[in-house]
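Chains as they are written, first to last, in the numbering used here: chain H, 5 to 340; chain A, 74 to 359; chain Y, 709 to 1121.
Simulated from the structure, these hints should not be mistaken for lab results.
Careful: at least some of the hints might be erroneous.
[Stated by the list, open to error] With the C-beta cut set under 7 Å, the calculated list includes, among others, these residues of chain A facing chain Y:
(1) Pro189
(2) Ala193
(3) Tyr286
Just so you know, even glycine gets a beta-carbon here, dropped at the ideal spot from N, CA and C.
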Amino acid sequence: MEVSTPRVIAIVVALLLLVTLPAWVGNPYYINVASQILFFAVFALALNVLVGYGGLVSLGHAGLFAVAGYTAALLLARGHGHLVADTVALAVTVLTAAIYAVLSLRATGIGFLMITLAIGQILWGVAYRWASLTNGDNGINVAARPAPFGLSLAGADGFYYLCLVVFLACLASMRMVVRSPFGASLRGTRDQERRMAALGYDVWTIRFWAFLLSGFWSGVAGLLFLYYNQFISPQIVALTTSAEALLMVISGGTATLLGPVVGAALVVIMKNVVSAYIVRWNMVLGIIFILIVSFMPEGLVPGSARLWAWARHRLRRGKSGVAAATPPAAAGEGGP
Amino acid sequence: MSLWLTLAVNSVALGGLLFLLSAGFSLIFGLMRIPNLMHGSFFMLGAYLGVTFLDRGVNFWLAALGAGLLTGLVGGLIERFLLRRLEGQVLPQVLLTLGFAFIIGDVCLMVWTGDPWQPATPAQLQGAVQVAGLFFPLYRLVILAVAVVVAIALWVMVDWTRLGAMIRAGVDDPPIARVVGIKVSQLFTLVFALGAALAAFAGVMGAPYLSVYPGLDFEMLPLALIVVILGGTGSLLGALVGSFLIGFLYNFGQAMVPDLAYVILFLPMLLVLVLRPQGLFGKVGA
Amino acid sequence: MPRPSRRAFVAGTAAGAAAAAFGMPAIAQNAPFKIGLLTVKTGPLAQGGIQMEQGIVTLLKQRNNTFAGRKVELISADTGGNPAGAKTKASELIERDRVDVVLGPLAAFEMLAINDYIRQQGTPVMSLAGAEDITQRLANPWVMRGSASSAQCCHALGDYAAKELKYKRAATISEDFAFGYEQMSGFQRVFEEEGGKVVKKLWPPMITPDYTPYIAQFGNVDCVVNGFAGSNPVKFMRSYADLGMKRIPLLAGWTAMDDALLKSLGDEAVGVVSAAWYSASLDNPVNKQFVADMAKDYNVIPGGYSAGMYVAGQVVEAALAKTGGKADDKKALNEALRGVSLTETPRGPVKFDAYGNVVGDVQIRRCERKGGQLVNTIIKTYSDVSQFWTYGDKAFLANPVYARDYPPAKNLE
């Protein structure tokens, strides 16, 4: 795969900015916001596997996110080590994802959305009402963050680098998957379900594996969320978390690698930073969503790319005087 | 014994309210395939508008109708100018309806503050009817009666009028409906406005006993979803049966297994979805 | 209704400071003293959160934004009413805005979520949340509470129900979370030790569209005690009356009959007896001024949420007076805060125990209709009530924290 020079430069600059972020941001509060963007981006990327590449809109992913957090929190509270707790938590999350998949893959489209919503709500009910296990509304505290290889994650900087490493790993794995034959067949099941089946692909199995992948990374994000807050409670299992994750994916641009990341940044910044200046930040967020739908229904990242390409085209036509083609229509997929 | 009877009466009353809420949702969902995630917001907006009308001394029924009309207008405008352009695109529809849910929630908080509002039960409908030593709150029975009237009116409309025939055609096979010359777009606006109006009407009807407060929107939305999924999308009969089913499940579930109160609402929905994805009475595969 | 934005605050503060600059003697320090308010302005808990802000703003306005000769800047942060939001916003106030003291948060689960963080950061917090253990078994040297622990008022309510009202059999109902458990357990403990029996305990979820299935289960009791909060009491009491239950007297904790809630209630609330650490009808000059100013600026009757933040602000002011307006040494400020003892606050005299929790009066009120308005009329005052009631701290803390099944209810039917 050829990579153009401007793109390489852009990637290097972005990486440099990310790695040096604690130095130029300075204040631990903003570093913490950056950490939040990174782990919500991991969550959004995980959801994007299904929503973007699989065409399966899940509105129950908060359940997967929280199952990981709760499992780890419960094990830690019972005195197990971080390694054991996190490993078991990820295993339980993948298992839960398998159950999600078995139940929900009987349907596609809105049916799929509804089944995942129902499972998510049931898990919320369990977290909220099964108080003897989950401590109900009071939640569970986690005494300390882990210190892998003796590296302290207690401070904002340390934790940011953990999030950055995980985020980059997630991004790289997504890129690999998307470009693999598996990724191609997953997109195939989205666009041409019948033809894929006719060609001998097992559509159900492809989607099943996609669900497990999505579950795994949702679990990873959930663990980061747990360690970031050192606290978990039923609010995080609520429908709003699933909806927010979906909003991140859609507003940024589905089936792109950068879209969910931009979407996560948008939502996290609105919630945490803008809310300090604008009391009606919920309304602003709603208006932004509507503007995105109206002007870039394909999402911010592909939409900006389209506008940019169109503007460049116009510019070039102005120079050379050659009649340009019509502005490109909303691209279904693509991006970096 | 009396406990069960009280619960039973209450179940049908809650069922009635849920029907008012979800009938419109079902039509929107069945006809237009729009996952209208602001349906709970219409309910809440209607309830707040109704409270304001009542506060100004407007008659209860006029307040309910007025709130319905205004909210229906809001819904119609959103459909006509924004949703229509997104036909068939589920993701942007989700983004748009959730975006409006955020806005409506925040506007309500701004205008009506965070205080809970609970309009008085209309004077003639207050208190309890005593039958055989048991108390039945009169107002709950009225809600049930209103739901029955609305159900009959909707049934007549859908099954006996030209508009209903167009809606049925639209639900069953949208492309064909278009081919035979039904102005689907106008129909959509009308149905969407009607659904919004019904939800708002339900909000006013529910206000005297649910009260109105921030967050009511996202409490009602999942209930509407469950009802419609249980009953099947696009089917009025389904919405009716689903509403009463949930009414009973909710009341008896809370009383008998309070620890699973929430789970018990979603389990049957999950079962139905897995075993019969089109819902109990649905014509269209979900 | 004016609801000041953050920007309006900064402007207001600047104006106040300018006004003060002429009239005041040498200001101790140039930088303003920063108060961070951890509140809720959006979502389902916004009602209490908005009142919290109104309470502290009223105090600051009365003081011309100046405490002990030093100008005060208020920075309020909206947690959205969830634990993760509380954590992020606490970090925003403490690490970014570098506030000197934090007022709030509102809900127990928010306080529990930031408890460890506050301990690490070492910034004084004046909490409104009731969670018992925050000033008991998990006492945090940086956290104080000027309102009341969850059970503080309900102990008195249990005493009043058994001794004065002579009730023998009670049913309790409250939301299924810690604030509910702790209130009802406090009531149960005192009520049963004084000869009463709690025969039914019901725990509806926080989100309950209709309370009828619960109300139908009360059975044969002398009274029903409710500990609801937020908008739930409004719903609950209406259903209670609708079901013809008013023949059984209703008792209530402070949030369920908060004075600010009265405007949302109707005849169903008349006759309800409640125990609260603040009452708008309290007859003292500070309270009269507070009630008048709240009526003027916001057109509301203040309840515990506003009064709690007003009192918290007064405590901060008193501590600043002791340190001579200095707040650089957080330890010294914290110690000054803990040693504050006030006689003139809207709720009456206030001092703090060794765990940072308030010792103050608890009022027993009966709701009446006076001139068309609902009013909580004080019928008895318990003076200097501690979070440990009459048990003493050692004996009290030897037991586990109040919970859904602690102390065990032995008389359930």
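Now for the hints, and whether the structure bears them out:
With a least beta-carbon distance of about 3 Å to chain Y, the hint placing A:Pro189 at the interface is held under the 7 Å criterion. Below 7 Å, beta-carbon pairs count as interface contacts, and A:Ala193 has one with chain Y at about 5 Å; its hint therefore holds. Because the smallest distance between the Cβ of A:Tyr286 and any Cβ of chain Y comes to about 4 Å, under 7 Å, the interface hint for this residue holds.
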